[in-house]
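Hey, can you work out the whole structure from these sequences and the hints?
There are 4 protein chains.
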Amino acid sequence: MSGMTFDHSKKTDFVAIGRLCIDLNANEINRPMELTSTFTKYVGGSPANIAVGMARLGMRAGFVGKVADDQMGRFITGYLERCGIETSGVTTDRTGAVTGLAFTEIKSPAECSILMYRDNVADLKLRPEEVPEALIAGTKMLLISGTALAASPSREAVFLAIEYARRHGAAVAFDLDYRPYTWSTEAETAVYYNLAAEKCDIIVGTREEFDMMERFERNPERLDGITAAKWFNHAARIVVIKHGKDGSIAYTEDGASHRAVSYPANVVKTFGAGDSYAAGFLYGLMQGWDISRCMSFGSAAACIVISSHSCSEAMPSAEQVHDYIARCERGEITASQI
Amino acid sequence: MSGMTFDHSKKTDFVAIGRLCIDLNANEINRPMELTSTFTKYVGGSPANIAVGMARLGMRAGFVGKVADDQMGRFITGYLERCGIETSGVTTDRTGAVTGLAFTEIKSPAECSILMYRDNVADLKLRPEEVPEALIAGTKMLLISGTALAASPSREAVFLAIEYARRHGAAVAFDLDYRPYTWSTEAETAVYYNLAAEKCDIIVGTREEFDMMERFERNPERLDGITAAKWFNHAARIVVIKHGKDGSIAYTEDGASHRAVSYPANVVKTFGAGDSYAAGFLYGLMQGWDISRCMSFGSAAACIVISSHSCSEAMPSAEQVHDYIARCERGEITASQI
Amino acid sequence: MSGMTFDHSKKTDFVAIGRLCIDLNANEINRPMELTSTFTKYVGGSPANIAVGMARLGMRAGFVGKVADDQMGRFITGYLERCGIETSGVTTDRTGAVTGLAFTEIKSPAECSILMYRDNVADLKLRPEEVPEALIAGTKMLLISGTALAASPSREAVFLAIEYARRHGAAVAFDLDYRPYTWSTEAETAVYYNLAAEKCDIIVGTREEFDMMERFERNPERLDGITAAKWFNHAARIVVIKHGKDGSIAYTEDGASHRAVSYPANVVKTFGAGDSYAAGFLYGLMQGWDISRCMSFGSAAACIVISSHSCSEAMPSAEQVHDYIARCERGEITASQI
Amino acid sequence: MSGMTFDHSKKTDFVAIGRLCIDLNANEINRPMELTSTFTKYVGGSPANIAVGMARLGMRAGFVGKVADDQMGRFITGYLERCGIETSGVTTDRTGAVTGLAFTEIKSPAECSILMYRDNVADLKLRPEEVPEALIAGTKMLLISGTALAASPSREAVFLAIEYARRHGAAVAFDLDYRPYTWSTEAETAVYYNLAAEKCDIIVGTREEFDMMERFERNPERLDGITAAKWFNHAARIVVIKHGKDGSIAYTEDGASHRAVSYPANVVKTFGAGDSYAAGFLYGLMQGWDISRCMSFGSAAACIVISSHSCSEAMPSAEQVHDYIARCERGEITASQI
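Protein chains in written order, with this note's numbering: chain W, 10 to 347; chain P, 10 to 347; chain S, 10 to 347; chain G, 10 to 347.
One copy or any two copies: either way a pair holds, since identical chains are not told apart in the list.
Derived pair list, reagent style DSS-like, types lysine-lysine, alpha-carbon separation capped at 27 Å:
1) K20 <-> K208
2) K239 <-> K19
3) K239 <-> K208
The set of hints was computed from the structure by calculation and includes no laboratory data.
In structure tokens form, the structure reads like this:
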């Protein structure tokens, strides 16, 4: 058991707040973008992907965010709705902001890069007054994502959403999702990440992201134990620290640490691995599974996404994940393991 | 005869300065962009299209501009070079600017719109110090485009380029190309457009663009005659005023006005009509043709471009234009006329 | 007894962080500024005034802030040093920022206004990396002031200073000091004020300032009891709510409320009343006095300041305050009471 | 004779456009500003000083500019009106801009410096739409000042004012007044200064200012002759180039150059020398005097201003200037000559 419990009287399972953008994935892969000529459009952004993932897994999900007043914005809202996600918390910018874009380049399964358009983006224009207290009051879990803390007024909207979640007993999960290009300085990032993380029940990030947050502290050997203990002194119940190829470790309040089983995958690209993992892991927690099983389920979901061309569109159903695990266990999937 | 003569001792025919960007044309046409899913990438931007058009027509062309330090920027420079355009005047931004984007939506041949990304774009970062005096000194004609006047330091770079052109005897053509979204106010636009146009030999724009420039003057009936006379009091030799469906009229210093023959076309979209017309018209002037023939050649070039999916990529060779005119004259092309 | 205790092993009594600026007080009073012609220069800014007040009362004080690299900045640092305030935490801006200015206009003792210069001011350029952990570790009390939360990077510097204070056992006092003109929106203000106040031991502000902080909460009757209870659920030990002419009330964790004796004064202007009150009140707490005596001492200090032309320069010594109280008690001061 | 003639049917002699600000002159002189404590307030800004100077000399003067919506702004407008200057062209900012400030420091007569407040200043918010064509149409001379070209929308307002002046036959005088701190880059400055100067009848500046304008030209030996000839190829009739201690030289279209008699002065500070010189010189031109006499009259006016504590307030009447010259000629003023 994860130690986490959720308020089952609430009608919504999961609400994410933050970035909504467009992925433009090069159709011609295994070459630099200078040599690609066509792109396919998908809904993207880490919290959007996770929300789509949760909905695909059968959770009743909602979103709080802001879209541009243009074709891209309407495409995003329409897509979320087609996924069954509640969009009453998605407002439309009226100041002329644009939709964030991410052009993806896949030179090889291991060499993927993203060309971002993040100037004057609608998602960072979300204002505190636009955060719907009732939607958050009615959900079991709120997911926040670090990028939404990068600028005003989105940053204030996220802090208010956390306040509403705590006021009304929703668990708060924080996907660190640190993207340096949206921030002015590392010092600024560290300050706001800490202010947010202090109030969260579940914190998920890479070792490097936790290092960035410890910029004004002493943890010279970058020990997970010191990191996890810090957060258990605040509100945290679970801290997941990802060590790249060395796998992820989930720490719990009781002092235990947990690792996942890993699965093979036919990797097309690495984009979307973290988002599908997060969706799978949080889904598991909401099922009341033990932590290791949650992590394994997240890993299998990630394998499915990285074997496909898109992120949001490739998010699997629970049945697909269970089936993937079963096939791996039967030795039917034996390709390159990540 | 147009009355324009060019210095044939110069080795470059044509240099354009200004916007270099990317067109992302929806592959699925005749529907709103919310319902499109793939896009094809082309080099775009009005002066870029005209320069490509001139090169395709056989002119020795060059470009002065600035591209982002990313895959899009490298794609643009590479494309210009493949077209045979001299790119020593194209510098690379190092401040983190992005490449301007234009997503095109074709709802019907008559209903086309563009979704622009113009925040923090590299083309407007061109600095005066980066304008190569030698390249401009060595060209017969310099083309400037209104959008490059919209912001500093690009605006100053254009004024300096005009100064260099006049110092060294290059004719200056001004394609008004007024795009409201890049400007703060109409009053600001009017001031800089006038300061630039006063120094130009050839001015090409729509009636509405000339109206905008006359914001602080008296021409209540919007008479072409008053407009043209004003510019002949400055440096102008030819003033082309476009009246949409009523066709274009070219005014010359001698008081004459000229109209073009028009040709039928199978219109896919209207994007690129103005740029291909400009390339054809300026090409004609450089051949020493009379004004009406220049205009007709421009019209035929435009017909070819609007019958295709792209702009830059569809720019015709001189042979293609001559052939198109011949086929029209033989009655072989009879479709919808624009 | 106030219930507050301080770590007497620490060598510094008091460190303030935030605004350092210049007051330019019109020498000709009781007229609009259009009719004044000369101004006298003083060091100003709420936390600067309080630090000067504490030093004048005999406390070992220090300051963390940033000054412009000009004559005004050097004047400020020099003045603090002449007051005996430790300035190792005062850094100098190198980006061309200016010193904030406050031109004061005294139309009548009751009609005072301020004309502020707050664009590109040095005090808001203080960066987190410039906050000296050792200075804060060595002080009994840290004072923060709301204006320093108005913009980055000063806001982040203040949050880090609070973190250092808590890490090292310094009490944190928060003078709300809300100045609307430095903020973008009230929603933004509310969010950051709450994030800071949650971590403070002592919170001092007007009823209106607490209302602003409750923007996203329910306290329709604006009851002090609800307000105070909220903060006692966080870190607060003392909450002082000022009700203008109706006096101030200090609330303590034990559920008690406290009021001050008030004193008569010959009011010249109202500027500086709050800052001198804060200095006197905090001084009293550090002497271990009971809350009511602290409040009365603050009131008497305020009476002295508002009877003079300046703020910082008029901050009294402890002897002056005791003497003022004694004279009031003997009926020697009988003028207009505020 | 200067060769300049003015349209005597016009009812206004002189209109200046541009900066209106406040000088705060330290009352304690011959020391650094760190050691001064009081300041006296005056109207300042180069074109404001010149307009006051012209009014004091008996000219019917007007002003086109913008003031802040505060006590400083109202003080400025009131002062201009008390000087008899037409202020219908002075609008009030409504965006929260402030009045520019110049704190002056007089360490010695030869060591004077200025601490400027130029962020978000009202004078640079003047919009083209606010430039009154009728006022400019009715004046004999328009004075523009370089600082007003430093930012939008003031820059556009100045270009439009020049256009109105030329349309209606007003002479245009350009006081280069280059203040580096208001400009982004020297290249930008050079471009706009040239665009403006090309349309001016009278250009007055230091050798260094003309060098800055020739940044993209060839005049390696910095020869006045090359400089003057350039401007006579445009609209200029008189070009005055100041060589500091070596005196000023006025060049005229006929190829002649002119120098002034110089006078002794008891120098208090050097501020205001250029503005009083400009007022005296332009006044002389409007009297129809020969160039050398205009220059000498300007020099004497400057001597009077630099012998006093203020700039605008010290601007002399014509009688005072004539009297000063007479006393110098009688040997009654023998002090340090500048």
